[in-house]
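Q: Construct all of the structure, not just a fragment, from the sequences and the given hints.
Protein chains in written order, with our numbering: chain A, 31 to 182; chain B, 31 to 182; chain C, 31 to 182; chain D, 31 to 182.
By construction, these hints were calculated from the structure, which means they are not laboratory data. One thing to keep in mind: the hints can contain errors.
[Said to hold, decoys possible] Distance windows between CB atoms, simulated:
#1 P164/C <-> I141/A: 48 to 56 Å
#2 P162/C <-> L38/B: 57 to 65 Å
#3 D85/D <-> H154/C: 42 to 50 Å
Cβ atoms here follow ideal geometry from the backbone N, Cα and C, with glycine treated the same way.
Number of protein chains: 4
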Amino acid sequence: MPRDAPPLPPREAFTVTRLIRFSHTDPAGIVYFPEYFDMCNAVIEDWLAEEMKVDYPTLTLKERLGTPVVHAECDFYVPSRWGDRIQLSLLVERLGRASLAYRIIGHSGGIVRLAARIVVAFIHLDSGKTLPLPEPFRQKVEAYRVKTGALP
Amino acid sequence: MPRDAPPLPPREAFTVTRLIRFSHTDPAGIVYFPEYFDMCNAVIEDWLAEEMKVDYPTLTLKERLGTPVVHAECDFYVPSRWGDRIQLSLLVERLGRASLAYRIIGHSGGIVRLAARIVVAFIHLDSGKTLPLPEPFRQKVEAYRVKTGALP
Amino acid sequence: MPRDAPPLPPREAFTVTRLIRFSHTDPAGIVYFPEYFDMCNAVIEDWLAEEMKVDYPTLTLKERLGTPVVHAECDFYVPSRWGDRIQLSLLVERLGRASLAYRIIGHSGGIVRLAARIVVAFIHLDSGKTLPLPEPFRQKVEAYRVKTGALP
Amino acid sequence: MPRDAPPLPPREAFTVTRLIRFSHTDPAGIVYFPEYFDMCNAVIEDWLAEEMKVDYPTLTLKERLGTPVVHAECDFYVPSRWGDRIQLSLLVERLGRASLAYRIIGHSGGIVRLAARIVVAFIHLDSGKTLPLPEPFRQKVEAYRVKTGALP
Numbered sequence: 031m032p033r034d035a036p037p038l039p040p041r042e043a044f045t046v047t048r049l050i051r052f053s054h055t056d057p058a059g060i061v062y063f064p065e066y067f068d069m070c071n072a073v074i075e076d077w078l079a080e081e082m083k084v085d086y087p088t089l090t091l092k093e094r095l096g097t098p099v100v101h102a103e104c105d106f107y108v109p110s111r112w113g114d115r116i117q118l119s120l121l122v123e124r125l126g127r128a129s130l131a132y133r134i135i136g137h138s139g140g141i142v143r144l145a146a147r148i149v150v151a152f153i154h155l156d157s158g159k160t161l162p163l164p165e166p167f168r169q170k171v172e173a174y175r176v177k178t179g180a181l182p
Numbered sequence: 031m032p033r034d035a036p037p038l039p040p041r042e043a044f045t046v047t048r049l050i051r052f053s054h055t056d057p058a059g060i061v062y063f064p065e066y067f068d069m070c071n072a073v074i075e076d077w078l079a080e081e082m083k084v085d086y087p088t089l090t091l092k093e094r095l096g097t098p099v100v101h102a103e104c105d106f107y108v109p110s111r112w113g114d115r116i117q118l119s120l121l122v123e124r125l126g127r128a129s130l131a132y133r134i135i136g137h138s139g140g141i142v143r144l145a146a147r148i149v150v151a152f153i154h155l156d157s158g159k160t161l162p163l164p165e166p167f168r169q170k171v172e173a174y175r176v177k178t179g180a181l182p
Numbered sequence: 031m032p033r034d035a036p037p038l039p040p041r042e043a044f045t046v047t048r049l050i051r052f053s054h055t056d057p058a059g060i061v062y063f064p065e066y067f068d069m070c071n072a073v074i075e076d077w078l079a080e081e082m083k084v085d086y087p088t089l090t091l092k093e094r095l096g097t098p099v100v101h102a103e104c105d106f107y108v109p110s111r112w113g114d115r116i117q118l119s120l121l122v123e124r125l126g127r128a129s130l131a132y133r134i135i136g137h138s139g140g141i142v143r144l145a146a147r148i149v150v151a152f153i154h155l156d157s158g159k160t161l162p163l164p165e166p167f168r169q170k171v172e173a174y175r176v177k178t179g180a181l182p
Numbered sequence: 031m032p033r034d035a036p037p038l039p040p041r042e043a044f045t046v047t048r049l050i051r052f053s054h055t056d057p058a059g060i061v062y063f064p065e066y067f068d069m070c071n072a073v074i075e076d077w078l079a080e081e082m083k084v085d086y087p088t089l090t091l092k093e094r095l096g097t098p099v100v101h102a103e104c105d106f107y108v109p110s111r112w113g114d115r116i117q118l119s120l121l122v123e124r125l126g127r128a129s130l131a132y133r134i135i136g137h138s139g140g141i142v143r144l145a146a147r148i149v150v151a152f153i154h155l156d157s158g159k160t161l162p163l164p165e166p167f168r169q170k171v172e173a174y175r176v177k178t179g180a181l182p
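A: Shown next, in the form of structure tokens:
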């Protein structure tokens, strides 16, 4: 396991597999790092749709609930190359009144390759004002946090 | 100035202006956050070429000196929209034996919009082993740090 | 069916389903057109791996067989939006001595949304010279063409 | 000059210079072809702003005039690599009632590297119906066509 890498996510975590494509990689043969942030965003989309059963496009475009990213970070431990398959697992690290901190762990064969943190605010797209998370959604997120255990 | 935002960079900092394009922005009308990491990478490229006078493509492709990103983070304070022009200023926050930590501040009209930190390692692309920074380059980076002052 | 759109691909065509993501779409709410070319490239990758059983990364990076795109075009008939699922089907329109012309049809619910043509050359990456398609690969492509019928 | 390449654009054509960046290139060391379509879109943006003096963001986002791409194609003659600088020149090939066909020629050192054609429709973003080009804009486009000569 790479030095300093966080532990593998629990088995209960929502996990997707991603194939590393030609287009993700750079002249040095490894994934160009902004692509990982794009992959993290896609994992959040998939988690909202499949695990939280939220219709994210409708929520954003029709109900004008925006979720701008206010902080994003990632540690890269092991590079990935064209043709690799990596697992990306999502945990909810913090559940604020009008914000959510996601933890996304990328791993393969039991080795952590990257670990990201993405913090989003909940705002009304027209006014720009923060919005508390809708209560039914908050309850589902809480249940997901219980299911996936406390974060280390 | 947004709450918690870092101060504006000193005037001596290497600064480029970027036009926010249609393709940078998302259905909510603001820059899609991974695009900022791509912009930060381009600022590092420009700083290496124009301020450090380093031939980065040759260094990477011919001399096989790789600079993989080991950590990237960004705080987003004020969104940017299609047609905006922002300034991106680069500081060198830390100069390790075989690593560099860049600080990149995005601002417009005296207001900080984003603040990123990008840490790269220096490795040999074939062996994957870390390499100390070449001495002439280290000296130029040190001089740049002196010129741009200590970081807050 | 949109005016001038080509017919739907035959059932035997290699077909993948793609979810349109937030990151594919633009401030007008529809897919930003260069993203479709990226999706087409991914379909070709998947077809090579899954239908032709070719190890494309090894072929390119180890055996130095490059497949640069020499021509790419696409007609866009019906826009796609965040949350849509589209099918992308691949046909081989022309099989040259050292080139391949792919036809990729994007459709949803029996309606053609886009139709692309991607022509790649086969070259040796180091010399830049064209290479005839390897014979076993040519035979598999021919068999695929027979299976999917003549193109209209 | 590469076989079959179109002639260089006239000197009067609107031309921008682009630096090929690390992020544009792929594991084979050359520009990943969808990036060229993104560059072409940026050239159209720059031409509208700088040559036609059109406020494109306002036109799209406030006045809801959309310009979806209905056809895009590109021939690639000479690859570009990280660190190259290429010129991209824009011509207006056809001026329809509610559409525009752009011709974009990429060249360097007097050699044509790529030649694209991008056709956009003019529509109202809310109704989706085609809109004739606004008359003052049409006149400026006509004047630009006269200035840059008839296309070959």
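Q: Does the beta carbon distance between P164/C and I141/A stay inside 48 to 56 Å, or does it fall outside?
A: violated, 34 Å
Q: Quick check on a hinted range of 57 to 65 Å for P162/C and L38/B, using CB atoms only.
A: holds, 60 Å
Q: Lying within 42 to 50 Å: is that true of the beta-carbon distance D85/D to H154/C?
A: Hint holds: Cβ distance 49 Å, inside 42 to 50 Å.
Figure legend: structure checked against the earlier numbered hints; the only hint not met is number 1.
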